[in-house]
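> Chain residues, written in single-letter form:
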Amino acid sequence: MAAYFKNLKEIPEEEYFIHGHRACAGCTEPIAVRLVLKAIGKDCIVVSPTGCLEVFSTPYPYTSWAVPWCHVAFENAGAVASGVEAALKVYKRKGKLPDKKVHVVVFAGDGGTIDIGLQSLSGALERGHDMLYVCLDNEAYMNTGIQRSGSTPYGAWTTTSAVGKVIPGKIQWKKDGAKIAAAHDIPYVATASVAYPLDLMNKARKGAEIDGPAYIQVLCPCVPGWRIRSEHSIKVARLAVQTGIYPLYEIENGSLTVTVKVPQRKNVEEYLRLQGRFGHLTEDMIKKIQSRVDMEAEKLGLGPRK
Amino acid sequence: MGMECAAAAALAAKLAMVDVIAAYPITPQTHIAETLSEYVANGELDAEYINAESEHSAISACIGAAATGARVFTATCGQGLALMHELLPIAAGWRLPIVMVNTNRSLSPNLNIWGDQSDSMASRDCGWIQFFAENAQELFDLVIMAFRIAEDERVQLPVMVNAKGFYCTHVIEPLIILDQEEVEKFLPPKKIQKYALNPNNPTTWGCVAFPDVQTEIRKQWDDALRNSIKVIREVFKEYGSLFGRNYDIIETYRMEDAEVGLLLMGYACGTCRVAVDTLREEGEKVGMIKLRVFRPFPFDDLAAASKNLKAIGVFDEAISVGGVGGPLFGEVRSALYSLERRPKVLGFIQGIGGRDIKVDDFIRAYYEIKSVLSGEKRIENDFMFLQVRE
Amino acid sequence: MNEFKRTPKPRVSELPIAAIIPEPGNSKYYFTGDWRSVRPVINKDKCTGCSLCWVYCPDTAIIKVEGGKYDVDLNYCKGCGICAEECPVKAITMVEEGED
Numbered sequence: 001m002a003a004y005f006k007n008l009k010e011i012p013e014e015e016y017f018i019h020g021h022r023a024c025a026g027c028t029e030p031i032a033v034r035l036v037l038k039a040i041g042k043d044c045i046v047v048s049p050t051g052c053l054e055v056f057s058t059p060y061p062y063t064s065w066a067v068p069w070c071h072v073a074f075e076n077a078g079a080v081a082s083g084v085e086a087a088l089k090v091y092k093r094k095g096k097l098p099d100k101k102v103h104v105v106v107f108a109g110d111g112g113t114i115d116i117g118l119q120s121l122s123g124a125l126e127r128g129h130d131m132l133y134v135c136l137d138n139e140a141y142m143n144t145g146i147q148r149s150g151s152t153p154y155g156a157w158t159t160t161s162a163v164g165k166v167i168p169g170k171i172q173w174k175k176d177g178a179k180i181a182a183a184h185d186i187p188y189v190a191t192a193s194v195a196y197p198l199d200l201m202n203k204a205r206k207g208a209e210i211d212g213p214a215y216i217q218v219l220c221p222c223v224p225g226w227r228i229r230s231e232h233s234i235k236v237a238r239l240a241v242q243t244g245i246y247p248l249y250e251i252e253n254g255s256l257t258v259t260v261k262v263p264q265r266k267n268v269e270e271y272l273r274l275q276g277r278f279g280h281l282t283e284d285m286i287k288k289i290q291s292r293v294d295m296e297a298e299k300l301g302l303g304p305r306k
Numbered sequence: 307m308g309m310e311c312a313a314a315a316a317l318a319a320k321l322a323m324v325d326v327i328a329a330y331p332i333t334p335q336t337h338i339a340e341t342l343s344e345y346v347a348n349g350e351l352d353a354e355y356i357n358a359e360s361e362h363s364a365i366s367a368c369i370g371a372a373a374t375g376a377r378v379f380t381a382t383c384g385q386g387l388a389l390m391h392e393l394l395p396i397a398a399g400w401r402l403p404i405v406m407v408n409t410n411r412s413l414s415p416n417l418n419i420w421g422d423q424s425d426s427m428a429s430r431d432c433g434w435i436q437f438f439a440e441n442a443q444e445l446f447d448l449v450i451m452a453f454r455i456a457e458d459e460r461v462q463l464p465v466m467v468n469a470k471g472f473y474c475t476h477v478i479e480p481l482i483i484l485d486q487e488e489v490e491k492f493l494p495p496k497k498i499q500k501y502a503l504n505p506n507n508p509t510t511w512g513c514v515a516f517p518d519v520q521t522e523i524r525k526q527w528d529d530a531l532r533n534s535i536k537v538i539r540e541v542f543k544e545y546g547s548l549f550g551r552n553y554d555i556i557e558t559y560r561m562e563d564a565e566v567g568l569l570l571m572g573y574a575c576g577t578c579r580v581a582v583d584t585l586r587e588e589g590e591k592v593g594m595i596k597l598r599v600f601r602p603f604p605f606d607d608l609a610a611a612s613k614n615l616k617a618i619g620v621f622d623e624a625i626s627v628g629g630v631g632g633p634l635f636g637e638v639r640s641a642l643y644s645l646e647r648r649p650k651v652l653g654f655i656q657g658i659g660g661r662d663i664k665v666d667d668f669i670r671a672y673y674e675i676k677s678v679l680s681g682e683k684r685i686e687n688d689f690m691f692l693q694v695r696e
Numbered sequence: 697m698n699e700f701k702r703t704p705k706p707r708v709s710e711l712p713i714a715a716i717i718p719e720p721g722n723s724k725y726y727f728t729g730d731w732r733s734v735r736p737v738i739n740k741d742k743c744t745g746c747s748l749c750w751v752y753c754p755d756t757a758i759i760k761v762e763g764g765k766y767d768v769d770l771n772y773c774k775g776c777g778i779c780a781e782e783c784p785v786k787a788i789t790m791v792e793e794g795e796d
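Residue numbers (the numbering used here), protein chains in the order written: chain A, 1 to 306; chain B, 307 to 696; chain C, 697 to 796.
Simulated from the structure, these hints should not be mistaken for lab results. Note that beta-carbon positions come from the ideal geometry of N, C-alpha and C, so glycine has one too. Check before you lean on any hint, since a few could be wrong.
Chain A is faced by these chain C residues, among others (derived, beta-carbon under 10 Å) [to be verified]:
1. Glu719
2. Asn771
3. Gly775
4. Glu781
5. Val785
In silico lysine to any residue, SDA-like type, Cα no more than 20 Å apart, as pairs [as the list claims (entries may be wrong)]:
6. A:Lys94 x B:Val537
7. A:Lys6 x C:Ser747
8. A:Lys89 x B:Lys320
FRET-style restraints, in silico, Cβ to Cβ [said to hold, decoys possible]:
9. A:Asn7 x C:Lys742: 18 to 24 Å
10. B:Arg524 x A:Leu8: 56 to 62 Å
11. C:Val785 x B:Arg524: 54 to 60 Å
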């Protein structure tokens, strides 16, 4: 795994995502965006669909973006980015723009990526546009008030997978965005977590430099949505990896490598009990989650549980 | 020489040297998308051709490309235009000079691939400039002019050129085309706009606007669309002086001493002229008022054409279901309301789902108008379906 | 640094075309510091300059100061506490606003 950034001191100082935005205290989306933009640099054009990021970063007349950025609608980030990429391509060919690489980057939420945005993502990946698509996965439609998405994990409380006497939260398992992206045979797919900043930045840089579509899904814990303490958002993002719930890997031209090894996995309970959205889980449900994680972890070659 | 209407539209886009095409096929627009694909594959047109996976994505890609500064073209109709609906106001509100050919197709239900105006009427408030072409020649000319108008600094708005599905897509008609040199004389190369998405000048497009600013944003856009009529007139005039085909915003036929005007847009105008001639031979004082520009709504030109008329019959190929009648009828009536001497305005719905519009239909409608004028008859709500079997 | 909290109410003629925001990063004029009820205090003696607090701050409210150490930009700090939680040497404590 190419290490563009080997330690924290190598992280560039220039800021492209400027403070003064209206994200919740402890929100991890700005952390992900800030680090990815540092990894890529100023020569990019960013597209975002509707979501938390778009709303908290651009309340008229303020913008936190120090790179060109646009927001069109909710379900079409992949398509808008395709258009931007095509315009850049043809203009470079016609000599109307200098022959310098300008990265097309999408920052989208899980809703705008694998639910309502799935079609346009799929089209963009199939057509092979040169872009980096970063899904900021906070596991629900957070911006509209914590409604469940396909990316919401099994058992989680959300306002539309309510916990009651009859139904205990979301009963479906999480839709795997990375695997869906990988099924399009694109050159680069990766998962990342805000708790592993160098891993995230190296993957972002790699995905941007690769010719063709790259997809990175970043776990971004949400303070109000997951019902966690604001100071725990990074800790929870770390536990997700250390329990094997959110394994960090990359798939390059079809072959998968785990980039953050977990020699001894923690029990999922350590991760779940920090989050109010899992506060209602029964023993049975926790067992189900654990055995599913055990199964996936074995396939990936993650370590055994303590 | 004869050319299929759709091919003429594609040729116009090629001559305009578009940079990016993003389209999704839908009958009867398909031949436009296919011809353009051939041009690009053969290297005759140096453009990026995005095979969008839906019309929604097609217009989204157009928006992304235009925001980055490219000259963009697309085509659609019917259900496709309906699927784009969410984004049409965004394309216009963002002041992007996208040119689209809409091959007017009936909206479902039921599935009907033939030409009527229900699709563009359902999107009339989306803030685009809208033209209606009568035939292959107009379609070709209007598409070329559309780029020039759209990209004018004083306009910067997308343009929809409507052409009746099948009649004005699959029919082969004679037309005079321009060559590349002539088009380049008229249409300057695309300038990348000042605020285009570019790392050298980072701008933010599509922020969140609160109640305290949305009104001003709308008004700015509405002003721009209204004021574009001056530029449209200018460009029509210049095209006429360069190439000999003079287009007006409203074209009148035998209206000099008319007492009744038959008002409509698009392909059916050809049939209407024959009806006018037939009626004139019978001594009736009738003429045709053809709207070429539907948006921005040509208030002044319409008022001028309606002077001294006793009645206007407005022919719609769509119905505003449960509303005031045909959409064009409702708008014309409203626009003429403040005239000191208002003509009687009556609406007629015909051509729904591509049903053939005959000379006889216009003649029947004319005699309906006459009986209303003479007091013999009343039409409920002043509009009626001309061709329905009840 | 300018403090510019009141959102201006532009006239139609003052709006940039298509309500584009032409100045990049102008959110820096909006101080989010008054959101917080607790604030971090960094003990410079304990601070090793590892920069983790700077990396993790969602509001870029940690700034590098002399000696390779870090301090808080109180104009933007929302008091989330991530820096205090993640500091490997526990050099940061969260204190209630109003206390010293």
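> Compare the structure with each hint and give your call.
These are the hints, each one checked on the structure:
The interface hint given for Glu719 (chain C) holds, since its Cβ lies 8 Å from the closest Cβ of chain A, which is under the 10 Å cut-off. Taking 10 Å as the C-beta cut-off, the interface hint given for Asn771 (chain C) holds, the closest approach to chain A being about 8 Å. Below 10 Å, beta-carbon pairs count as interface contacts, and Gly775 (chain C) has one with chain A at about 6 Å; its hint therefore holds. The beta carbon of Glu781 (chain C) comes within 4 Å of a beta carbon in chain A, closer than 10 Å, and the hint placing it at the interface holds.
This hint is violated: Val785 (chain C) has a C-beta 14 Å from the nearest C-beta of chain A, more than the 10 Å allowed. Restraint check: the Cα-Cα separation between Lys94 (chain A) and Val537 (chain B) comes to about 29 Å, which exceeds 20 Å; the hinted pair is violated. For the hint pairing Lys6 (chain A) with Ser747 (chain C), the CA-to-CA distance comes to about 14 Å; that is within 20 Å, so the pair holds. Taking the CA atoms of Lys89 (chain A) and Lys320 (chain B), the gap is about 18 Å. The hint holds against a cut of 20 Å.
For the pair Asn7 (chain A) and Lys742 (chain C), the beta carbons lie near 21 Å from each other, so the given range of 18 to 24 Å is met. Checked against the hint of 56 to 62 Å, the pair Arg524 (chain B) and Leu8 (chain A) fails, with Cβ atoms roughly 48 Å apart. As the Cβ distance of Val785 (chain C) to Arg524 (chain B) is approximately 55 Å, the hint placing it in 54 to 60 Å holds.
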